[in-house]
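Student: Since the structure of chain A is provided, determine the placement of chain B on it from the hints.
These protein sequence lines map, in sequence, to chains A and B. Residue numbering for the first sequence follows our numbering, starting at 1 and increasing by one per position. Residue numbering for the second sequence follows our numbering, starting at 1 and increasing by one per position.
No lab work stands behind these hints: they were computed from the structure. Every residue gets a Cβ at the ideal spot worked out from N, C-alpha and C, and that includes glycine. A portion of the hints provided could be inaccurate.
[What the hints assert, rightly or not] Simulated DEER-style distance windows between Cβ atoms:
id, chain 1, residue 1, chain 2, residue 2, range
1, B, I109, A, T20, 30 to 36 Å
2, A, T20, B, K26, 29 to 35 Å
3, A, V52, B, A9, 28 to 34 Å
4, A, V12, B, S81, 30 to 36 Å
5, B, E16, A, E79, 45 to 51 Å
6, B, G39, A, S83, 19 to 25 Å
7, A, G63, B, S63, 34 to 40 Å
8, A, K57, B, Q79, 39 to 45 Å
9, B, V4, A, G3, 30 to 36 Å
10, B, G15, A, T77, 46 to 52 Å
[As the list claims (entries may be wrong)] Once the Cα atoms are required to be at most 25 Å apart in a straight line, the calculated PhoX-like pairs of lysine-lysine come out as:
id, chain 1, residue 1, chain 2, residue 2
11, B, K26, B, K50
12, A, K57, B, K67
13, A, K11, B, K37
14, A, K11, A, K57
15, B, K59, B, K37
16, A, K53, A, K70
[To be verified] Short derived list, chain A residues pointing at chain B, Cβ under 8 Å:
id, residue
17, S94
18, T97
19, G99
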Amino acid sequence: DAGITQSPRHKVTETGTPVTLRCHQTENHRYMYWYRQDPGHGLRLIHYSYGVKDTDKGEVSDGYSVSRSKTEDFLLTLESATSSQTSVYFCAISGLTSGSYFGPGTRLTVT
Amino acid sequence: QQPVQSPQAVILREGEDAVINCSSSKALYSVHWYRQKHGEAPVFLMILLKGGEQKGHEKISASFNEKKQQSSLYLTASQLSYSGTYFCGTEASAGGTSYGKLTFGQGTILTVHP
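Bound conformation, chain A alone (with noise of 0.2 Å):
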């Protein structure tokens, strides 16, 4: 299995608070995902990064903003949470043409 951790794994937070989402990785990969997974929208790109400091919008980033320090840590803040950002959060890593690998995922519930 791919190293990757997700931390926390599970979160409540009120909102209007900030929140920031880890993940881990000891695969050295180059890129690394976060994805979002809500019932009737499958698996959505919220922000990736193509290397430390490199990163770029995907297809559902508003609200969300990420970081990139090191190569093995990928950072998704959520600036100020909102209910519609009840999600299940997928970090992921590639390789390119060897696929891509998921973090076990963190269950965030925003009240």
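Tutor: Showing chain B alone in chain A's frame:
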């Protein structure tokens, strides 16, 4: 734009075969297939790069028709362990690299009964 998967759900008995289709309106560089069990992360099954190759993984194989922007996943002699939701993920064919960004279909729920 999200690729379209069909069927949305399929129910099988052990030993039966199934085909799941994935169709995109965009020119594709690659198609990925994943299986997700309830409460777990998606698990990578295989990747098909443009060139129309067919790949196999145990009794699961797939094809990619780049002219039609379609891929099919074939599950033969299904086992109970095949139950789950299957997703295709497509990577658009662009002038430069797309950095492995995937757009996922809505998923196909596969249920295998004894």
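Student: Decide, hint by hint, whether the structure agrees.
Tutor: Hint check results:
Checking the proposed 30 to 36 Å range against B/I109 and A/T20 shows it holds: the Cβ atoms sit about 33 Å from each other. The hint said 29 to 35 Å for the Cβ distance between A/T20 and B/K26, and at roughly 33 Å that hint holds. For the pair A/V52 and B/A9, the supplied restraint of 28 to 34 Å is violated, since their beta-carbon distance comes to about 42 Å. At about 33 Å, the CB distance of A/V12 to B/S81 agrees with the hint of 30 to 36 Å.
Between B/E16 and A/E79, the C-beta spacing of about 49 Å keeps the proposed range 45 to 51 Å intact. Checked against the given bound of 19 to 25 Å, the beta carbons of B/G39 and A/S83, roughly 22 Å apart, stay inside it. About 39 Å separates the C-beta atoms of A/G63 and B/S63, a value consistent with the hinted range of 34 to 40 Å. Between A/K57 and B/Q79 the beta carbon distance is about 40 Å. The supplied range of 39 to 45 Å therefore holds.
The given range of 30 to 36 Å is respected by B/V4 and A/G3, whose C-beta atoms sit roughly 34 Å from each other. The hinted range of 46 to 52 Å is satisfied by B/G15 and A/T77, whose Cβ atoms lie roughly 49 Å apart. Distance hint between B/K26 and B/K50 is fulfilled; the C-alpha atoms sit about 13 Å from each other, no more than 25 Å. Between A/K57 and B/K67 the alpha-carbon distance is near 29 Å, which puts this suggested pair outside the 25 Å criterion.
With a CA separation close to 21 Å, the supplied pair A/K11 and B/K37 stays within the 25 Å bound. This hinted pair checks out: A/K11 and A/K57 have alpha carbons roughly 24 Å apart, not beyond 25 Å. For the proposed pair B/K59 and B/K37, the alpha carbon gap of about 18 Å is at most 25 Å, so the pair holds. Of the supplied pair hints, the one linking A/K53 and A/K70 holds, its CA atoms being roughly 8 Å apart against a limit of 25 Å.
The interface hint given for A/S94 is met, as the beta carbon of that residue sits about 4 Å from the closest beta carbon of chain B, less than 8 Å. Taken as an interface hint, A/T97 checks out: its beta carbon lies about 7 Å from the nearest beta carbon of chain B, inside 8 Å. Because the smallest distance between the Cβ of A/G99 and any Cβ of chain B comes to about 4 Å, under 8 Å, the interface hint for this residue holds.
This entry does not satisfy hints 3, 12, going by the numbered hints stated previously.
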